Structures are given as C-alpha cells and as structure tokens.
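Participant: First to last, the protein sequences are chains A and B. Numbering (full-length UniProt numbering) for the first sequence: 1 to 136. Numbering (full-length UniProt numbering) for the second sequence: 1 to 136.
No lab work stands behind these hints: they were computed from the structure. One or more of the hints may lead you astray.
[What the hints assert, rightly or not] Listing some non-contacts, in silico: residues in chain A with all C-beta distances to chain B over 12 Å:
1) T24
2) R28
3) A32
4) A35
5) A38
6) E64
7) R109
8) T113
[Said to hold, decoys possible] Listed next, the stretches of chain A that the computed footprint assigns to chain B, with coverage defined by at least 3 CB atoms under 8 Å from CB atoms of chain B:
9) 48–54
10) 84–96
11) 125–134
[Stated by the list, open to error] Simulated restraints on C-beta separations:
12) A23/B to F61/A: 35 to 45 Å
13) R7/B to E81/A: 12 to 22 Å
14) D26/B to A32/A: 38 to 48 Å
Fair warning: this is a prediction, and the values are worked out from it, not measured in the lab. Where a beta carbon is used, it is the ideal one built from N, C-alpha and C, also for glycine.
There are 2 protein chains.
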Amino acid sequence: MTDKSSRTITTAALRAAVETYWATADARDWDAFAATLADDLVYELPQTRERIHGKDRYVRFNEEYPGDWHVRIERIVADSEGRQAAARTEFTVGAEEMHAIHFFTFDDRGRITGVTDFWPESYEPPAGREHLVERY
Amino acid sequence: MTDKSSRTITTAALRAAVETYWATADARDWDAFAATLADDLVYELPQTRERIHGKDRYVRFNEEYPGDWHVRIERIVADSEGRQAAARTEFTVGAEEMHAIHFFTFDDRGRITGVTDFWPESYEPPAGREHLVERY
Numbered sequence: 001m002t003d004k005s006s007r008t009i010t011t012a013a014l015r016a017a018v019e020t021y022w023a024t025a026d027a028r029d030w031d032a033f034a035a036t037l038a039d040d041l042v043y044e045l046p047q048t049r050e051r052i053h054g055k056d057r058y059v060r061f062n063e064e065y066p067g068d069w070h071v072r073i074e075r076i077v078a079d080s081e082g083r084q085a086a087a088r089t090e091f092t093v094g095a096e097e098m099h100a101i102h103f104f105t106f107d108d109r110g111r112i113t114g115v116t117d118f119w120p121e122s123y124e125p126p127a128g129r130e131h132l133v134e135r136y
Numbered sequence: 001m002t003d004k005s006s007r008t009i010t011t012a013a014l015r016a017a018v019e020t021y022w023a024t025a026d027a028r029d030w031d032a033f034a035a036t037l038a039d040d041l042v043y044e045l046p047q048t049r050e051r052i053h054g055k056d057r058y059v060r061f062n063e064e065y066p067g068d069w070h071v072r073i074e075r076i077v078a079d080s081e082g083r084q085a086a087a088r089t090e091f092t093v094g095a096e097e098m099h100a101i102h103f104f105t106f107d108d109r110g111r112i113t114g115v116t117d118f119w120p121e122s123y124e125p126p127a128g129r130e131h132l133v134e135r136y
C-alpha cells in the first residue's frame with residue numbers, strides 16, 4: 001500500500017522556513033542552513049542565467065560567497081496552497097546596501113526545493129511622467 | 001456600534017485579483033483595471049525611487065505608458081493571512097522581452113492598496129563560481 005497523502009503545510013510554517021533560511025545564512029550556520037533545504041534543491045539566477053543543482057553545491061556556493069554581507073528581511077509572502085513563498089530583503093556589505101527578491105518552492109515536509117534570486121539595480125527614471133510621480 | 005469585523009479574503013481571491021489586474025491592463029480595459037484598485041492606492045518603483053499616490057493618477061500612468069507591451073504571468077504567490085501577493089511576469093514589446101516582479105497589498109474587500117514593481121536587468125556573472133554553476 002502506498003501512502004499518497006499529501007501533507008498540509010501551513011502559511012506560518014512556510015514563513016518560518018524562510019526566516020530560518022535567512023537567519024542561519026546571516027549567522028553562517030551552514031548545518032542549520034542546509035537543514036532548511038531539500039537534497040535536490042535547484043537554485044536559479046535569471047539575470048545571469050546561472051543554475052546550481054543540489055543542496056551540497058548550493059550550501060558551498062553560499063559558504064564561498066565573498067564579503068561580510070548581512071541580510072534583513074523586509075517582507076515575506078507565504079502561499080500554503082501553492083506551497084511557495086516570496087521575500088524581499090535588504091543586504092548590507094559595509095556601507096553598501098542592496099535590495100533583493102527571492103522566490104521559494106517547498107516539498108511536502110516544508111523543505112526548500114527551489115530558490116530563484118533577483119538583484120535589481122537602481123536606474124534613472126525615463127522622462128515624461130513627472131506630472132504623475134514624486135521621487136523619494 | 002462600530003463593525004470591527006475583519007473580512008477574510010481567500011488565497012484564491014487574491015490570486016484572481018492579480019490575474020484580473022494583469023488581464024485588464026493587457027487588454028487596455030482601464031475601467032476594469034481601475035475596479036481592481038483601492039482609491040488610496042500607492043504605487044512604488046524602488047529602483048528609481050518613484051511613487052504615485054491614488055487610483056486616478058496610477059490608472060493614468062498606465063494609460064499613458066508608451067509601447068505596445070504585453071504581459072504574461074509566470075507565477076503568483078498569494079498570502080491570504082498577510083493580505084498580500086507577489087507575482088513574476090514576462091513583458092514583451094515587439095521582439096524585446098523583460099521580466100518583472102510585483103508585490104501587492106489588499107484591503108479587506110480584496111482591492112489592491114499597494115503595488116511595488118521591480119525591473120531587474122541581465123548582467124554578466126562574477127568570476128570564481130564556475131565550479132558550482134551552469135549557465136542556461
């Protein structure tokens with residue numbers, strides 16, 4: 001007999017998984033970080049079209065990542081029906097600040113199976129809409 | 001007596017609101033587009049630090065936006081507990097393709113109160129991680 005039951009993951013559990021993922025990365029606690037990930041995780045960076053297969057290589061990618069960076073979560077959007085989440089973060093490396101966006105998918109135990117990162121950069125606004133917008 | 005009850009918005013309703021928002025924008029049906037928005041909506045573009053206050057100005061911003069652009073939804077992450085959603089889209093303008101990311105917040109009737117857009121651009125990957133990544 002095969003157990004075909006699909007486990008229900010709560011919105012709170014997905015949010016907690018994303019919080020643990022970033023807290024353990026920020027603390028360079030790579031064992032605890034790895035525990036949030038599924039073995040067959042796939043990591044994607046669409047802007048550079050880079051992809052990493054597997055938990056071990058992905059943990060190593062993070063371990064080897066240069067710089068004394070630190071991360072603060074700005075927002076987590078957790079979708080238990082879709083078994084997915086999105087997050088906005090702020091990274092600091094010394095005086096430099098960067099904003100990033102991350103999409104996550106999860107398996108039926110709440111482990112992360114997919115991470116997709118975006119690193120949008122600042123640019124000057126196009127002309128012609130000054131009558132509608134303010135700058136901040 | 002004040003009605004302090006907070007309405008429950010379902011995950012499916014938030015997802016449907018995001019789908020209607022993009023379908024009506026793609027069709028240039030600005031009345032139906034406006035119907036997805038709260039009057040006091042705030043639109044933000046963190047990359048250019050631009051902000052628009054109010055539904056009327058935001059609809060006009062979209063009406064006036066140049067180019068025969070079209071949009072396809074890639075993913076919607078809908079969080080009914082947080083009354084928020086995130087979406088990934090692909091925009092085409094002729095042969096040009098762009099990817100965008102959008103965060104939404106909603107009022108207790110499921111109308112959109114906040115939209116934050118990101119337009120990440122492609123870049124060359126830094127050296128030193130070729131042993132872990134593949135390109136796609």
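Participant: All the hints need checking, so say for each whether the structure fits it.
Facilitator: Results for each hint:
1. The beta carbon of T24/A sits about 19 Å from the closest Cβ of chain B, which is more than 12 Å, so the claim that it is off the interface holds.
2. Against the 12 Å criterion, R28/A stays outside the reach of chain B, whose nearest CB is about 18 Å from its own CB.
3. The claim that A32/A lies off the interface holds: its Cβ sits roughly 21 Å from the closest Cβ of chain B, which is beyond the 12 Å cut-off.
4. Against chain B, the non-interface label of A35/A holds: every CB pair exceeds 12 Å, the least being about 20 Å.
5. With a least CB separation of 18 Å from chain B, A38/A remains clear of the 12 Å interface cut-off, as annotated.
6. Residue-level check failed: E64/A sits 7 Å from the nearest beta carbon of chain B, not beyond 12 Å.
7. At roughly 20 Å, the least C-beta separation between R109/A and chain B is larger than 12 Å, which holds for a residue marked as non-interface.
8. Distance check for T113/A against chain B: the nearest CB is about 14 Å away, which clears 12 Å, and the non-interface claim stands.
9. With 6 residues having a beta carbon nearer than 8 Å to a beta carbon of chain B, the segment 48–54 of chain A meets the requirement of three or more and the stated coverage holds.
10. Only residues whose C-beta sits within less than 8 Å of a C-beta in chain B count toward coverage, and the segment 84–96 of chain A has 4 of them, enough to reach three; the restraint holds.
11. Under the rule that three or more residues need a Cβ within less than 8 Å of chain B, the assignment of the segment 125–134 of chain A holds, with 6 such residues.
12. One distance hint, 35 to 45 Å for the beta-carbon pair A23/B and F61/A, holds here, with the actual separation near 38 Å.
13. For the pair R7/B and E81/A, the supplied restraint of 12 to 22 Å holds, since their beta-carbon distance comes to about 19 Å.
14. For the pair D26/B and A32/A, the beta carbons lie near 44 Å from each other, so the given range of 38 to 48 Å is met.
Checked against the numbered hints given earlier, the structure breaks only hint 6 and satisfies all the rest.
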